[in-house]
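Keeping their order, the protein sequence lines are chains Y, X, P and V.
Note that the first sequence covers residues 989 to 1973 in the working numbering.
Note that the second sequence covers residues 61 to 153 in the working numbering.
Note that the third sequence covers residues 38 to 453 in the working numbering.
Note that the fourth sequence covers residues 88 to 269 in the working numbering.
Hints in this document: simulated from the structure, not taken from any laboratory.
Since we're looking at a predicted model, the values are computed, not measured.
Heads up, the beta-carbon is just placed ideally off N, CA and C, and yes, glycines get one too.
There could be a bad hint or two in this list.
BS3-like, lysine-lysine: derived pairs with alpha carbons at most 27 Å apart [said to hold, decoys possible]:
1) P:K57 <-> Y:K1488
2) Y:K1933 <-> Y:K1900
3) P:K57 <-> P:K47
4) X:K109 <-> P:K260
5) P:K134 <-> P:K212
6) X:K87 <-> Y:K1858
7) P:K212 <-> Y:K1904
8) P:K446 <-> X:K94
9) Y:K1140 <-> P:K303
10) P:K66 <-> P:K89
11) Y:K1864 <-> X:K87
12) Y:K1858 <-> P:K446
13) V:K198 <-> Y:K1269
If you want the ones that stay clear, here's a sample from chain Y, every Cβ over 10 Å from chain V, calculated [unchecked claim]:
14) Y1079
15) R1089
16) D1335
17) Y1463
18) E1615
19) K1884
20) D1889
21) K1890
22) Q1902
23) G1924
24) C1959
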Amino acid sequence: MTSYRLAAGGAVNRGQLLNFTFDGRTFRGFEGDTLASALLANDQMLMARSFKYHRPRGVVTAGSAEPSALLTVGNGARREPNARATVVELYNGLVAASQNRWPSLKHDFGTINNLLSPFLGAGFYYKTFMWPAPFWERLYEPLIRRAAGLGKVAMQADPDRYEKSWAHCDLLVIGAGPAGLMAALAAGRAGARVILADEGFRLGGSLLGESASVGGMPAADFAGTVIEELAALPNVTLMPRTTVFGWYDDMVFGAVERVQKHVASPSPDLAVERLWRIVAKRAILASGAEERPLVFGGNDKPGVMTAAAARTYLNRYGVAVGSRVAVFTNGGSGYRTAADLVARGVDVTAIIDARPQSADPMPEGVRVVRNGSVVATKGRHRIDGLIAERSGFEEVIACDALAMSGGWSPVVHLMCQRGAKPVWSDEKQAFLAPDIGKAFLAAGSAAGFDRISDCLKDGANKASALLRDLGFAAYEADIPDVEGEYDPSFAPLWYVPGAKDKAFVDFQNDVHVGDLGLAQREGFRHIEHTKRYTTAGMATDQGKLGNVNAAGIVAGMRGVSPAEIGTTTFRPFYTPVSFGALAGTVRAEHAAPVRTSPLHNWARKNGAAFVESGLWYRSAWFSREGEKSWRESVDREVLNVRANVGLCDVSTLGKIEIFGRGAAELLDRVYSNSFLKLPVGKARYGLMLREDGIVFDDGTTSRLSENHYVMTTTTAYAAEVLAHLEFSAQTFWPELDVRFVSSTDQWAQMSLAGPKSRTVMSRIVQDDISDDAFPFLAAREVVLRGGLQARLFRISFSGELAYELAVPAGYGEAVADAIMEAGRDEGICAYGVEALNVLRLEKGHVTHSELEGRTTADDVGLGRMMAMQKPDFIGKRLSMRFGLTAADRLQLVGLKAVEADKEIKAGAHLLKDQAKPSLANDQGFVSSACFSPSLGHHIALAMLKSGRERFGERILVWDGLRGSEVMAEVCSPVFVDPDNLKLHL
Amino acid sequence: MASLITCPHCGTRPKEEFSIRGAAAPKRPSATAKDEDWHRYVYVRDNPKGRYQEYWHHVAGCRRFLVVDRDNLTHEVFGVTDASDFERARTAG
Amino acid sequence: MRYSAYSILKQALSGNRLWKPAWREPQPKPHYDVIIVGGGGHGLATAYYLAKEFGITNVAVLEKGYLGSGNVGRNTTIIRSNYLLEGNNPFYEFSLKLWEGLEQDFNYNAMVSQRGIVNLFHSDGQRDEYARRGNGMRMHGVDAELLDRDQVRKMMPYLNFDHARFPILGGLYQKRGGTVRHDAVAWGYARGADQRGVDIVQHCEVIGIRRDNGRVTGVETTKGFIGCDRLALAAAGNTTTVGHMADLELPIETHVLQAFVSEGLKPVIDNVITYGAGHFYISQSDKGGLVFGAEIDFYSSYAQRGNLQTVEHTMEEGVSLIPGLSRAKVLRSWGGVMDMSMDGSPIIDRTPIDNLYLNCGWCYGGFKATPASGFCFAHLIAKNETHHVSRFMRLDRFERGYTIDEAGKGPQPNLH
Amino acid sequence: MSINLLQRHVLEDHISGFETDPNPNHLAVVRRPVIFSVLAHAGHEAAVAEALKAASDLAPRFCGPSEWLAVSQTVGAETIGGLLSNIPGASFADQSDGKVLMTISGPSVRKILAKCVAVDLHSDVFAEGDSANMLCCHVAANVARTGADTFEIIVPRSFAGSVFDELMEMGREHALTRGFSD
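My request is simple: use the sequences and hints to build the entire structure.
So, in structure tokens, the structure goes:
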């Protein structure tokens, strides 16, 4: 037995046994354990394999910076790769497995990479795998891909729920260690709205792992009393299991709360993870400091860990990481670990102190080797001894764990995410938080304080200062006394010379000192180049342990201060965050809100198939019994509209109410055609351009009264058009008295089209709608039989006699039902957007298939709608540019297949007969196509070079993508009723 | 900026509520202005690094266009004004 | 030093102690034939091709940071040539062809990996647009296939086929598209240029452009004045800042685009995928990280960092498209500064100053263009005439009304 | 023919058949509120605001400068329409069918709404009587505080199903119930 659970002690609940498995074997831990502490308690030091060389690895830390102990937790669709065993909260039924090894963790074939390591140094892949050329993609890359990567993701739909929430506070405190607790307490007592967030499942931070006493009680108990008081304050929110991962503009912090990651079967009523966007007026970073590993030969062997980690496992979890522990240190932390171990009856075989002398109290009975260093470690799957060197003499010291301490690095990650770089301190031999203003301060060891007492004080002081800033009454916190704390100061030691094995800087990515040296020799000297070339700091821990060492070592190689080397860029996320948490509820069918038409039910009752159209679902066609394909339904609908009458839901068209004396003028300026003289009671088709002269959208606008218009837009551009109007009115012409409000949702709007539409409509509407009383383009408020107020427009997209009737949305279904009933004898049918599309194609009406953001009005045959006599309208000036008026532009034409049964598909290109397909020969493309049941063959609209001059020409419709070539005749885009006789029935 | 904008009409709101239209500095030329002025208005951007005025449309709020005066390097916001007020002020000024 | 099987073996046996620097760290000379401002992908590629293809070696590349510190080192590594418009398509195809021979050409393994790119479509209208694009590609001899839903499903069964808000109807597939190890591109070009005599001067910021009689005579830098016969700007997001030193009026707005990488995972995604119901795109690197992104942050920004909302939006689209991503973890996000042009397409052209050349407007698509951009820009600088594949990428196209508006969004850069 | 016109609430299918006794946290959908958009024209902004504030039987909800929703649960659309037509300088449009009004209340209401809106709903910041347009469940909505633990949410009709479902989902951990208010 090497590592084991002590008989007593620690903050685990020994009364609550938890069963879990690791690589199929069952173990037991206690409530309050992490997966790592429980594995150690069961003497499972070997937990993982490294990325590149597949070296055996255990834990290095007891916290979130862990680079080595990555496991896969959970199974089935809940499997999660790359979980850090050091932060996974143990629960009953937890299933853990090692990863990146084959066939087993102990016997991993990938270890061969370690033997090949002379060939696999930093950046080796840039220099090789190039011969012979095709082998890279056929052989080398597939092999590399298979070997690379860590854990396996399930790639199944996630069975759990996620959600997001906002939180607002005066003060956000990040980290609930000594500084964070005192900051929260000071602010909480002062009455501020406080959020205290900590990544751990138990608040208290380092206090939980230290043996000092605070306020006359064990540090962990002190933390407990503070938390109790905070929990009772209504203005304080405690957020354990919450990692603040990012600091964004305007003091918005991103955080993720692990709501149910510590249970085997999450409750379906709760999210498993909750994303928080915390808006804080002020914030304190009390994230503590990371202990630096020492960089010596064989420093990656399982059992080699930081001194603080060894101490935490001992004090917090009641686990001895070894039965004979050696310590290698350059500061007080190693001594404290030795003392704590000795106090708990664990044998400490030696303290190897890199310094010639120190004032640290020597634990009784422990041998101290001063001026010593470790140059190698022994053991295969776990350390079983080390080689110490002193004054040129080597000595083997037996041990089954090695606690190392290379000093401390304040955790300043969050404060450096917005561009500020940490600042090197010669005094602290560490990078400290940059000065980023008065809203966000580092406190405690994150600010470079090293003793608990100083951290307590600093936390309270910084909170008080920030609160004074916000106008809260000054509050002087009483700082508890600390007894038995140690002096964690240290002497810098970046690299331990004389290494007999690789000395790792980045444990997970297997970057060792030799790699850093190679990068320097090859010119990758900037620390960013060093990082990118060697991959140091690019593993899942993002270099939390290794980056400062890398900077120090590179500085040493170059003979400069670490200040000159600097750090690589800190970026979100502080620790990795699941896609699930960041996505929240927005996934699957909820990927976007759904908009349903007021006629949705009516359509459903009539057999509609629905199709997504932006956020809307629109009725596409209405199947009837016996119809085997959508085309059959569509053909029937089209023919019926042309012959009889049909009803179509057009409620999704954008509708904008426009009010004011300036409305006419505004419309005249945003439409390319004239609107000043539109009479009351009339609708007009209008074309809007962008300022660059390209068509933006089309629609109709009706004048309902002197200063009241209603505009309709296409479904797709409804939001853009409203924004365009608002932009024009607010920024170009604020002097115009005009107001807009969307009424899209207010109205159920239906198009009744076909030669019998008047007959049917007159059964619904009280008003006289004879051609004289209600001619083409009439637009008025009407009253339905039964008394309902409605709006009626005589406009047509189908080319038939047609009306659009708008009724208040709640009545839409009833009115549509009534129309169907009223039209039954006339053979009415419901028709959908597919039939609508065919109807408009037969009439040569354009949609956004033609108005695709590159076409001018003239391109699509609407040149007449450019009222160039108007002094100004949006798009007028730039529409006159040479390129927009050139004779060889693509112009709208119709196409009919020469052989009637041939299909033309949208997206095909056009070639002159006999021309070879090439861009130089490209004559244009098919923008829309359909089968025309009215004509009995396929038709298409196309954009063709100088197309209007080419009616009658035979042209090749080239669709190489789908392997078809069809000869077609260029014709007018209006296939049906070119003289619009049917409109005016 | 970028995370939160303080709308002069609605208060502090998240970026989600806005749609960003672009540079506010170019002013739409008069109908009789030269072609070069129109070209410049539509296509040329000063694009300074630093202080920048930009149209943000509060689409999910008051639906006003706002001119956000900010630093595009530090993302510090100096002020937010209603676009009509901005336009009137520069027309008068 | 040429990389070969022999050199690798020899070095391995001598403890990798004898590798030579990949490039020199020269002090700038007083005068060069050509100065290129910007030591990113495009600037370095330009220098490489100037030296290799056009024999102009008295060249300096001036970089204000470290070489490759711009977008070439912070993109999502995708290469493709699936463009719609004649102004773009031949250019990007030329680029893809250069990618295909790049590693052998510059003796550096940039891991060009033609694993295929699929642009998914989710509506009939979108299918028609992709068909138009795919046919355009084929007309130019570029590979393109239109996949139906079943074909996509067979290729990528993990996509959301059963519970999608916007169902996947198919995809436009370019087999030759893929990814490249981005840093290696900068390094390979830098090494190749350096070997041919180009001076790559890092940490040398241009702070002024000196002109005499309407011609550029050199640049003021943080390392002093450096003279030149021809000056070429390849400064991406900082184009305006440099351009203003020569009073250029530019159709450029600078925006930030975020990109992301997940933790290392065993291979799950073989090709590059783009989501047609949003802007999400993803691939998996050889190292195992999922590399992905979506939209720009929409506001003008020179900061290389982005906004949480955009982060969330990206993940929302990602999980909507690939439900299995939900339990994977994103490791890191970063931002790149984009030179968004007013029509979404680049500019490789002369300027009103006759020995000043301009290369900009790459929007978020500059990486894939790197070889062709370098080649065409070098061609322009060396011969003072436009390479035929970049002939539409003119600076005056806006004034003349010949924009290359691939997205059809008009003169609002953040919509491209 | 005379047409028998039945009004149908858009959330009918979301609620009917799911009614239970309300829990402390409850979402009530108002079946037939009267909601008008009111817009003040230049020069009349303050007067229109005053007139709306003074009017009985309606609650003005702030949308933006010189724009409100006039909400009434007590009188009919004709009454409100008549009232508004007497305010000089105001334009208005009946939106009663285009908007859906929901009342959410209960001790956990702020926790639920924190998952739906970004605005700080602390009573020091968003007090009783305050109202504003804001994103709620990804949709532009008008939110008003009508009591210490009561908020009214007005959303466009076409989005109502989505918003309703999301509110219920966010209220799940707080046992939120639902029903029509009458």
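- Query: Taking the minimum C-beta separation from K1884 of chain Y to chain V, is that value above 10 Å?
  - Reply: Given that every Cβ of chain V is farther than 10 Å from that of K1884 of chain Y, nearest at about 39 Å, it holds.
- Item | Pair hint outcome, K57 of chain P versus K1488 of chain Y [Cα-Cα no greater than 27 Å] | Holds. K57 of chain P to K1488 of chain Y sits at ~25 Å (cutoff 27 Å).
- Regarding the pair K57 of chain P and K47 of chain P, is the alpha-carbon distance no greater than 27 Å? holds (13 Å)
- Task: Against chain V, does Y1463 of chain Y hold up as non-interface, every C-beta pair farther apart than 10 Å?
- Result: holds (19 Å)
- Task: Verify that the Cβ of C1959 of chain Y lies farther than 10 Å from every Cβ atom of chain V, and report whether the claim holds or is violated.
- Result: At roughly 40 Å from the nearest Cβ of chain V, C1959 of chain Y sits farther out than 10 Å, so the non-interface label holds.
- Message: According to the definition I'm using, a residue is off the interface if its beta carbon is farther than 10 Å from all beta carbons of the partner; does R1089 of chain Y meet that for chain V?
- Response: Given that every Cβ of chain V is farther than 10 Å from that of R1089 of chain Y, nearest at about 40 Å, it holds.
- Query: Does the claim that G1924 of chain Y lies off the interface hold, with its Cβ farther than 10 Å from every Cβ of chain V?
  - Reply: At about 37 Å from chain V, G1924 of chain Y clears the 10 Å cut-off, so the statement holds.
- Task: Measuring Cβ to Cβ, find out whether K1890 of chain Y lies farther than 10 Å from everything in chain V.
- Result: With a cut-off of 10 Å, K1890 of chain Y remains clear of chain V, as the shortest Cβ separation is near 41 Å.
- Item | 27 Å Cα cutoff - pair K87 of chain X, K1858 of chain Y | holds (20 Å)
- Is K198 of chain V within 27 Å of K1269 of chain Y, Cα to Cα? holds (20 Å)
- Query: Would you say Y1079 of chain Y is clear of chain V, with no C-beta pair closer than or equal to 10 Å?
  - Reply: At about 20 Å from chain V, Y1079 of chain Y clears the 10 Å cut-off, so the statement holds.
- Message: If we take the beta carbon of Q1902 of chain Y, is the closest beta carbon in chain V still more than 10 Å away?
- Response: holds (52 Å)
When held up to the earlier numbered hints, the structure conflicts with none and fits them all.
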